[in-house]
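With these hints in hand, go ahead and build the complete structure from the sequences.
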Amino acid sequence: MDSSPSPSPVSGDDVGEVLLDWSETAARDLPWRGPDVDPWAVLVSEVMLQQTPVARVEPVWREWMARWPSPAALAAVSPAEVIRAWGKLGYPRRALRLRETAVALVERHQGAVPADVAALEALPGIGTYTARAVACFGHGQPQPVVDTNVRRVVARLVHGRAEAGTARTSDLADVAALAPAEPERAVRFSVAVMELGALVCVARTPRCAACPVREVCAWRLAGCPAPDGPARRVQKFAGTDRQVRGRLLDVLRAAEGPVPAPLLDEAWADAVQRSRCLDSLLVDGLVEQTPDGRFRLPA
DNA sequence: AAACCGTGGGC
DNA sequence: TGCCCAAGGTT
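Letter by letter, the first sequence follows residues 1 to 299 of the UniProt record's numbering.
Do not rely on the hints blindly, as some may be mistaken.
Unchecked claim - Derived Cβ-Cβ restraints for the label pairs, each shown as a range:
no.	residue 1	residue 2	range
1	Val-54	Ala-176	20 to 26 Å
2	Val-103	Gly-257	21 to 27 Å
3	Thr-205	Glu-184	29 to 35 Å
4	Ala-226	Glu-24	53 to 59 Å
5	Ala-209	Val-272	51 to 57 Å
6	Gln-273	Ala-73	35 to 41 Å
7	Cys-224	Ala-254	32 to 38 Å
8	Asp-21	Ala-177	15 to 21 Å
9	Pro-31	Ala-115	51 to 57 Å
These are computed hints drawn from the structure, not numbers from a lab. Glycine is no exception: its CB is placed at the ideal position from the N, C-alpha and C atoms.
Have a look at this one:
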């Protein structure tokens, strides 16, 4: 039979293959993607990447891998050391949970990172996304992986919506339906979809002209309709407890030893809010009080 | 289910 | 400038 003279559009069946091909040249060469990266290194990267941009994670991740190349190594150090090494990645409870995860891996998994999704989800700070990412990228399992990028790609490509909206359990099945059957390709496909969302199918100004699947994108075919649902409101930061907690922790991170309360007073003027935030940091285990009443990162 | 948990860069 | 957003998880 003669081949078709017109360029063949991307059919629904090979979206996965097209994304795979695209990612061969377009995907970033991130350090936690290398062939020599073990599951622990992947786990650490994934936790750091929770709500934190790649560029800020990279240098810290390299430092952590050099210092604590195994769960046992991290499990052996104090929370204070881990919190300091976390630096200003944000959401420092992640650092505590990462250390707790390291302890759990030593105690319950012989110091190794399990490949089982349920076992991973049982670890502190490891949820639906991170568990599958570790199983997939760390252990080579063909797991569907759904993060904010993938939710956005699925919303547009599959459902023709402009925005992802709230997470849906069906997202997992939606990506799985696009994935190649062959396990090794399915793993690379999971990387590819995330890359598409991170580089092309971005939130604010999608670069549709550069999209490898624009011809089959339900959102484009529908004429790129505007978002329909209620605009999700963005979290305030200035003046919130999050900012105050950050200020307080900043003082404690910088200090050599225990800090007397008056020094913390300088971090935030409002005494009521300051006190509330210090209490919450104590409850979270990010701060502890010495017998003489001073404050420090937990030894 | 919705609110909370840091921080900084881009537009 | 102020808003939007970033490889989520927990409560």
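How the hints compare with the structure:
1. At roughly 25 Å, the beta-carbon separation of Val-54 and Ala-176 lies within the given 20 to 26 Å, and the hint holds.
2. Evaluation of the 21 to 27 Å hint for Val-103 and Gly-257 yields a pass: the beta carbon distance comes to about 25 Å.
3. Between Thr-205 and Glu-184 the CB atoms are about 34 Å apart, so this pair conforms to the stated range of 29 to 35 Å.
4. At roughly 33 Å, the beta-carbon separation of Ala-226 and Glu-24 lies outside the given 53 to 59 Å, and the hint is violated.
5. A hinted range of 51 to 57 Å holds for the C-beta pair Ala-209 and Val-272, which are about 53 Å apart.
6. In this structure the supplied range 35 to 41 Å holds for Gln-273 paired with Ala-73, their Cβ-Cβ distance being about 38 Å.
7. Roughly 48 Å separates the CB atoms of Cys-224 and Ala-254, a value that falls outside the hinted 32 to 38 Å.
8. In this structure, Asp-21 and Ala-177 meet the distance hint of 15 to 21 Å, their C-beta atoms being roughly 19 Å apart.
9. A beta carbon spacing of about 22 Å between Pro-31 and Ala-115 contradicts the range 51 to 57 Å that was offered as a hint.
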